[in-house]
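Sequence lines, in order, name chains A and B. So this note's numbering is basically just the index in the first sequence, starting at one, shifted up by 68. So this note's numbering is basically just the index in the second sequence, starting at one, shifted up by 15.
Calculated from the structure, these hints are not laboratory results. Heads up, a few of these hints could be off.
[Unchecked claim] Here are the simulated EDC-like cross-link-like pairs (lysine to aspartate or glutamate), alpha carbons at most 20 Å apart as the crow flies:
| # | chain 1 | residue 1 | chain 2 | residue 2 |
| --- | --- | --- | --- | --- |
| 1 | B | K87 | B | D177 |
| 2 | B | K157 | A | E210 |
| 3 | A | K121 | B | D195 |
| 4 | A | K304 | A | E136 |
| 5 | B | K87 | A | E210 |
| 6 | B | K206 | B | D73 |
| 7 | A | K127 | B | E293 |
| 8 | B | K206 | A | E280 |
| 9 | A | K172 | B | E293 |
| 10 | B | K151 | A | E210 |
| 11 | B | K206 | B | E79 |
| 12 | B | K151 | A | D227 |
| 13 | B | K151 | A | E136 |
| 14 | B | K206 | A | E190 |
| 15 | B | K50 | B | D114 |
| 16 | A | K127 | A | D194 |
| 17 | A | K206 | B | D114 |
| 18 | A | K121 | B | E293 |
| 19 | B | K286 | B | D207 |
| 20 | B | K87 | B | D249 |
| 21 | B | K206 | A | D194 |
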Amino acid sequence: MRRPRMAIFALVGLLGSALLVLAATRPPAAGTVSGTVTYTGTPPKMKPIDMAKEPSCAKQHATPVMTENVVTGPNNALGWVVVYVSAGDQGSAAATTAVRYDQKGCQYVPHVAVMQTNQPLEIYNDDQTSHNIHPLAKDNAEWNKSQPPGAPPIHATYDKPEFIPVKCNVHPWMHGYFIVLSTSHYAVTGEDGAFTLKGLPPGKYTLTAWHERFGTQTQEVTVGDGATPPVKFVFKALPY
Amino acid sequence: MRPQTPWLAVVSGLGILLLSAGAQPLPAQEVHIGKLTGHAAAGQKDYGRYCVGCHGPDGDGTGENAMWIDPKPRDFTAATFKCRSTPTGTLPTDQDLFDAVTRGFVTTNMPPWLPLTDQTRADLVAYIQTFSPRWKTQGPGKPITIPAETPTNIESILRGRDQFQRLECWKCHGTAGHGDGPSASTLTDSKDNPIRPYNFAAGTPRFKCGETNQDIYRIFMTGVDGTPMPSFADQLQPNEAWDLVHFLRTLQPLKTPEAAIWTAWLPAHAKELKPLGETNAP
Numbered sequence: 069m070r071r072p073r074m075a076i077f078a079l080v081g082l083l084g085s086a087l088l089v090l091a092a093t094r095p096p097a098a099g100t101v102s103g104t105v106t107y108t109g110t111p112p113k114m115k116p117i118d119m120a121k122e123p124s125c126a127k128q129h130a131t132p133v134m135t136e137n138v139v140t141g142p143n144n145a146l147g148w149v150v151v152y153v154s155a156g157d158q159g160s161a162a163a164t165t166a167v168r169y170d171q172k173g174c175q176y177v178p179h180v181a182v183m184q185t186n187q188p189l190e191i192y193n194d195d196q197t198s199h200n201i202h203p204l205a206k207d208n209a210e211w212n213k214s215q216p217p218g219a220p221p222i223h224a225t226y227d228k229p230e231f232i233p234v235k236c237n238v239h240p241w242m243h244g245y246f247i248v249l250s251t252s253h254y255a256v257t258g259e260d261g262a263f264t265l266k267g268l269p270p271g272k273y274t275l276t277a278w279h280e281r282f283g284t285q286t287q288e289v290t291v292g293d294g295a296t297p298p299v300k301f302v303f304k305a306l307p308y
Numbered sequence: 016m017r018p019q020t021p022w023l024a025v026v027s028g029l030g031i032l033l034l035s036a037g038a039q040p041l042p043a044q045e046v047h048i049g050k051l052t053g054h055a056a057a058g059q060k061d062y063g064r065y066c067v068g069c070h071g072p073d074g075d076g077t078g079e080n081a082m083w084i085d086p087k088p089r090d091f092t093a094a095t096f097k098c099r100s101t102p103t104g105t106l107p108t109d110q111d112l113f114d115a116v117t118r119g120f121v122t123t124n125m126p127p128w129l130p131l132t133d134q135t136r137a138d139l140v141a142y143i144q145t146f147s148p149r150w151k152t153q154g155p156g157k158p159i160t161i162p163a164e165t166p167t168n169i170e171s172i173l174r175g176r177d178q179f180q181r182l183e184c185w186k187c188h189g190t191a192g193h194g195d196g197p198s199a200s201t202l203t204d205s206k207d208n209p210i211r212p213y214n215f216a217a218g219t220p221r222f223k224c225g226e227t228n229q230d231i232y233r234i235f236m237t238g239v240d241g242t243p244m245p246s247f248a249d250q251l252q253p254n255e256a257w258d259l260v261h262f263l264r265t266l267q268p269l270k271t272p273e274a275a276i277w278t279a280w281l282p283a284h285a286k287e288l289k290p291l292g293e294t295n296a297p
């Protein structure tokens, strides 16, 4: 051969990429459903939040933070989508670990907090200003409590499944959600739009994907003994 | 002669049976307010005469008058009530509802329904409870304890002023209590309708939920559910709450003992006071 080195490189390259491809497409363990949530169309642009009325929060952000109603990522990924088993759940254990919800820099962290019915919820105020926590529940009780800086965390539980918008009346730009589900099989997408639901016994399930602006979609999925093909949710985005 | 009445009796009896089978069952809700017992079935008739125009036939606050008035009529299907003796997020007692319909809501279209008898108002309380299933699944919350009022003096008023600053009441109510704080213009109620915070300079001794010092105590220790006004029960000890009540009275242009003490003390000491309001300016 005229260029033996080139041939060796080519062979190594070929082997290497073959291994990588194999590794990337190794089928997930049985009982796991993975997938992605993406959008088509043009999503609305997120706007910067003016926190001038709350100087103690404004100075925590070097650049203004953006609203979080529609968070997108590369390849049309959609974030803050809650994917959960809405039918076919063969039983979920009660959750006893507390879900933590922070008011930090006059924002709710996380923007969407998912919990099971009767799971303890702990709400913290990490800011120098008072907030009031006002979850606008309809099926559950609607309450409204003040939480000054330095106050201990507020404990709450919800006993009915519901999608509850949360607001702070003092700081009108603060919007979040408490998602109360009866199932333990749920995931929230990040900016990569990816989700994984683990520990699903073989059976037929209905998955629901919820986004605060673009609505709800469902898909049937069957978990067998082998790998489950990835589930794709595609939402139609509108620019307003 | 054979009487014809038995045949007539049978036919009319059957007719009545058929008619009543198709009719709606009368609500069976009962409430107890002092010595009164209110019955929902009687309240249903009164509701149709006095309440349906604003609160609507389904009790959801969408009566035909509703679009013309602000604030909107109460939505009884949501079972969220402003004036309670019970903690935020819990149902009011029958007495709370009776007091609300008797007192009305000052500055709104809900009048004091004093022209109705006590019995009628009790019946109405029973009836409006049939609009939400929550009255059957939960009961009313446990009323909060309002301890005896602490003495009114300048020290209590000044401590109350510090609470007003610490709890950031001024963010909505304004540093002089005129309802013009930095957050006031963006406030919305739980149905996204714009709403204004209470203006202590309004000149009326009446708040939506009463007019005594005990009523003020109860308002901020149970919150005004359905509105931006939260409960401060977790943030105030009872004596601190009374201090705040005493300070709030000085914001009103009324002849109260608190106002007398305050106006006597202020001229000599005004310069000692730290201003209320924003301390975190950039």
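Cross-check of the supplied hints:
1. For the given pair, B/K87 sits about 34 Å from B/D177 by alpha-carbon distance, which is inconsistent with the 20 Å threshold.
2. Restraint check for B/K157 and A/E210: the C-alpha separation of about 16 Å stays at or below 20 Å, so the hint holds.
3. For the given pair, A/K121 sits about 13 Å from B/D195 by alpha-carbon distance, which is consistent with the 20 Å threshold.
4. Taking the CA atoms of A/K304 and A/E136, the gap is about 18 Å. The hint holds against a cut of 20 Å.
5. Annotation: proposed proximity of B/K87 to A/E210 holds, straight-line Cα distance about 18 Å (limit 20 Å).
6. Straight-line distance between C-alpha atoms of B/K206 and B/D73 comes to about 17 Å, which keeps the hinted pair within the 20 Å bound.
7. Restraint check for A/K127 and B/E293: satisfied, since their Cα atoms lie roughly 14 Å apart, inside the 20 Å limit.
8. A distance of roughly 17 Å separates the Cα atoms of B/K206 and A/E280; the hinted pair therefore holds under the 20 Å criterion.
9. For the hint linking A/K172 to B/E293, the alpha-carbon distance of about 19 Å falls within 20 Å, and the restraint holds.
10. Only pairs whose Cα atoms come within 20 Å are accepted, and B/K151 paired with A/E210 is accepted, the gap being roughly 17 Å.
11. About 18 Å separates the Cα atoms of B/K206 and B/E79, which keeps this hinted pair within 20 Å; it holds.
12. Distance restraint check for B/K151 and A/D227: the Cα-Cα separation of roughly 16 Å lies within the 20 Å cut-off, and the hinted pair is therefore satisfied.
13. Between B/K151 and A/E136 the CA atoms are separated by roughly 39 Å; this puts the pair beyond 20 Å, and the hint is violated.
14. Taking the CA atoms of B/K206 and A/E190, the gap is about 25 Å. The hint is violated against a cut of 20 Å.
15. Simply put, B/K50 and B/D114 have alpha-carbon atoms about 15 Å apart, close enough for the 20 Å limit, and the pair holds.
16. Pair hint A/K127 plus A/D194 holds up; C-alpha atoms about 14 Å apart against a cutoff of 20 Å.
17. A distance of roughly 25 Å separates the Cα atoms of A/K206 and B/D114; the hinted pair therefore is violated under the 20 Å criterion.
18. For the hint pairing A/K121 with B/E293, the CA-to-CA distance comes to about 10 Å; that is within 20 Å, so the pair holds.
19. Only pairs whose Cα atoms come within 20 Å are accepted, and B/K286 paired with B/D207 is rejected, the gap being roughly 42 Å.
20. Simply put, B/K87 and B/D249 have alpha-carbon atoms about 30 Å apart, too far for the 20 Å limit, and the pair is violated.
21. Distance hint between B/K206 and A/D194 is unfulfilled; the C-alpha atoms sit about 28 Å from each other, more than 20 Å.
Hints 1, 13, 14, 17, 19, 20 and 21, counting from the list given before, are not met by this structure.
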